[in-house]
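There are 4 protein chains.
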Amino acid sequence: MPQRLDESAKGVFVIAPTPFREDGALDEASAERMTDAFLAAGASGLTILGVMGEAPKLDAEEARRFVSLVLRRVGGRVPVIVGVSAPGFAAMRALARASMEAGAAGVMIAPQSGLRGDDAVLSYMAGAAEAVGDAPWVLQDYPQLTGVHMSPDMVRRMAEAHPRLVMLKAEDWPGLDKITTLRRLSDEGRMRRLSILGGNGGLFLPEELERGADGIMTGYAVPEMLVRVCRLVAEGDRTAAHDLFDLHLPLIRTEHQPGLGLAVRKYVLRRRGIIACEALRAPGPKLSAETRAEVDWLLDRLSRRDRAVRL
Amino acid sequence: MPQRLDESAKGVFVIAPTPFREDGALDEASAERMTDAFLAAGASGLTILGVMGEAPKLDAEEARRFVSLVLRRVGGRVPVIVGVSAPGFAAMRALARASMEAGAAGVMIAPQSGLRGDDAVLSYMAGAAEAVGDAPWVLQDYPQLTGVHMSPDMVRRMAEAHPRLVMLKAEDWPGLDKITTLRRLSDEGRMRRLSILGGNGGLFLPEELERGADGIMTGYAVPEMLVRVCRLVAEGDRTAAHDLFDLHLPLIRTEHQPGLGLAVRKYVLRRRGIIACEALRAPGPKLSAETRAEVDWLLDRLSRRDRAVRL
Amino acid sequence: MPQRLDESAKGVFVIAPTPFREDGALDEASAERMTDAFLAAGASGLTILGVMGEAPKLDAEEARRFVSLVLRRVGGRVPVIVGVSAPGFAAMRALARASMEAGAAGVMIAPQSGLRGDDAVLSYMAGAAEAVGDAPWVLQDYPQLTGVHMSPDMVRRMAEAHPRLVMLKAEDWPGLDKITTLRRLSDEGRMRRLSILGGNGGLFLPEELERGADGIMTGYAVPEMLVRVCRLVAEGDRTAAHDLFDLHLPLIRTEHQPGLGLAVRKYVLRRRGIIACEALRAPGPKLSAETRAEVDWLLDRLSRRDRAVRL
Amino acid sequence: MPQRLDESAKGVFVIAPTPFREDGALDEASAERMTDAFLAAGASGLTILGVMGEAPKLDAEEARRFVSLVLRRVGGRVPVIVGVSAPGFAAMRALARASMEAGAAGVMIAPQSGLRGDDAVLSYMAGAAEAVGDAPWVLQDYPQLTGVHMSPDMVRRMAEAHPRLVMLKAEDWPGLDKITTLRRLSDEGRMRRLSILGGNGGLFLPEELERGADGIMTGYAVPEMLVRVCRLVAEGDRTAAHDLFDLHLPLIRTEHQPGLGLAVRKYVLRRRGIIACEALRAPGPKLSAETRAEVDWLLDRLSRRDRAVRL
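Protein chains in written order, with full-length UniProt numbering: chain A, 1 to 311; chain B, 1 to 311; chain C, 1 to 311; chain D, 1 to 311.
If you're looking for bench data, these hints aren't it; they were derived computationally from the structure.
Check before you lean on any hint, since a few could be wrong.
Since copy identity is lost for identical chains, a pair holds within one copy or between any two.
Stated by the list, open to error - No farther apart than 25 angstroms at their CA atoms in a straight line, the calculated lysine to any residue pairs in the SDA-like style are these:
#1 10 with 296
#2 178 with 29
#3 286 with 276
#4 178 with 188
#5 178 with 287
#6 10 with 60
One chain only, chain A, in its complex shape:
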């Protein structure tokens, strides 16, 4: 019986890209190698078919195939979350059901772009919560992409209304004060405690943890660092956490460029031998020779300064 996601989730949930071959087909061998690498890096969970997974460019059959491949490879060792955001609730329902039946631990939902006003957002999320049925779900708070802003009080109201909402992916920017407010609400007994994982590529990882996040869900291409920073903060070694984080910040920043970040990540994963090919499905950006050289420089610096990772 596969594990189900709940409010106690913590640590690093690695968001996995979807690897393709040069000809654009799903690269199953890379998907398996990538799954192994993320588990070896210490991931507490995986998230697939998120924004970063090029999910809208997969057809329904490919999406199901990728889900079941990753789930099989993980073999229940860690929970796997499947992104199910879709233009219609019917598609959301179908993908959520198929994913849970295949062994997913939960699903992730972002409010649809273009929702107008808090009430419309709450109403949309109620429909989505109904659509995913009895799957535990993650609320993705990512206004840079959706244009939808959710106040701490809205999160509180959703937590009250939807018992299967178990996790917040906190990706507002700036968003640190929101984490603080939500933690205060649950510490004071004014809302149910959710698992809160940070995001934004890890750009504020130490601060997120210090504000009370339980971990992070992001796709940074060297997740080993995320795991170690989480551990150092948990151990109370703030200076060591920042020291390690700072070594990686230049690369984090380079991966955090809108529209370009996924291409950088796939390039790093390919250079690390984790996936075979860095191609995105069209339409998508390509890295210039200059950008590759900059990433190479950063990786080279990093490999000399952080001896614990193999780059």
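Since the structure of chain A is already known, use the hints to place chains B, C and D on it.
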């Protein structure tokens, strides 16, 4: 051998909604009755799976089923255009190929939301043109939805670069001067002449035709009027054209409300006995009792003032 | 002692453009003639320095000069509302104070573009309400421009929090159901009754009144019609109201084009002899010869069909 | 005779905030102290009344007073650029003239938000270039704020059309490849060489310089670092440049938060004793106690790791 769309296309291309049953399933009987009604109304062509067709809420199998059902019912009497806009070129390619094999006359493509700058738009459309292969295609210019603005010169450049671009769906707002400029360019031999069909729910139908549009592609729920106005303008009877148009303008205006328009149209089509059920797939708007009463009032007025249509 | 705006306001508040001379200077003679014309048309009030008044293109001295000129000309016969939206509360405070001292009846405020979430909107409006001091104020609900959506419940909360909020300019689109909901709330004693005036160029004037609006605040260039439709609806003659409205709808529609509408309005006002020059301050749109000819055609039709107005 | 900005400009142009007192009034003493501090830090120039200078919250008299105060204090030692973006060209003209007469070296212009399509942008900038008269000007390329994207070819066309365009503030994001393309164009003789300064808070300073930027124009609150990184890159010591940059990156990142960044910068400047009060004019964000503590922690770390700056 089914007809292929070309630059000589003119008249009224009715954009068809996708009819659903109360339970959300595709309503095939309504789809057939609707196809018959639009042809009986004098449509020169049909457009399906457009923005108005709730295409993103269909799964791939439903989309293919709806396309083949409509094509079979039309039986080659008029050209049918299939909207193939999709997040990835692979899906666009698959739907275009399937549609053309099933007998479509051409496909319609809108540039993706979020493209930045003219060059990015031209590059995207080049990729899309490649993806749809040898299908004749319609460029949908609808910046209110896509946020992408295309100048007359960009349209000219696309017409030069892509020989299978045969039609412009001119839906910019305000957009009448753009039609004038494009017509002037082709009249002066400075660009290949495309078929230009207006849009925007018919809100500027007489003006579009007077500026040189070859007709209109829209989903106004009383397409008989569109056909008659096109004929009156073609016959040079400008006053009669405006007189008829003005009778329908209050309803056109009511259908042209962002986010609500499709629900109004389906309500009118249901009231006219053309489709069995006005439901949109979730998430989608519902008409209030007050809005229904207003539409009833407008239809009642219209049926007394325009005796030529059965409402 | 000049009158102060209160919740009993009703009828037609004409939004006045700011007339300029060909050389771009404020045209004071036209401003006086325009003021006279709007009062002669039956305006219950005037609104100046709104979005339509090119207020951001005036410097502070010009704005004050225009306000005092109009106020002097009106001479207390009707209330005058001054738009005071500004990037900073200091400027808002200064313009509100100067306007009230010069004899304005109240001020109008729209939430700033880019506010994120209901709480941010409420907090911004609280600051604005404080800034305008003891001036009665109008809440401008115009999401097409501001990107800010305000639910009926937010309006209710603002009405409770701010006793000097006396009027809602209801310009959401679609927005009829919002008027119905707000009226129901005050009819059922669940919120203080505000004056509600419609907007959107009059595009839904009969429906707005039938939903419970107390009138309309808009800049349609033939305000005589607005006054008569309000009277006909008040008298219960719905058919006559719609008949008259329908005659003007083609011109209303032409004035309601985003980015172009003000230029059309100034052209009509110039053709009617109300202002001397149709120029907008740069940067601003210019009407093409084709657009002018279309407006001429519409005015010509209208003058033959609505004998009660001089066009 | 004050110096005029030209294409040879390079180094660090510090964008100065506008200091206010607790009561919201312009803080002239802080403005003078800040000017001195930026010159002491090695600034090659200053930029005032930019986006960061809260310019829209100043009235015209305050803006002129602040400009002349800074210019007097600088005393011609470095060029001062004044931001003149405004809703109307008349205001832009007036501020540009007043600034140049007071001794500014040039002005900075960003395209207006909401311009649609490349042609509209070029046409707007032509009007703006005419409005600023004979002032040398800087094109601010900041699409995150304006929503306007300008391709390298558009910059090339503006450089050709407007001889007084002498500098590009390159603030697109991602934007490094644009710098490379523009440099290649001028190196190959296909466009006039402009001065290019980077931006985005310094987030990609080493890369911008390596791509060919002549320096950076930004408001990072420790501009000494920017000056030293520029010098190290100029001296060819890439490793030392990155080593120094990396020490500051955590603070750069914290200042680069949309909507919050200016408040962080004013806090740092206040803590450094450069300005007396960190207040922004309302409406504006306030830092939480947690954010202040995080900035304190970062400054403390930085002061121990970069001994060359006094924090």
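Which numbered hints are broken by the structure, listed smallest first? Hint check: 1, 2 and 6 fail, others pass.
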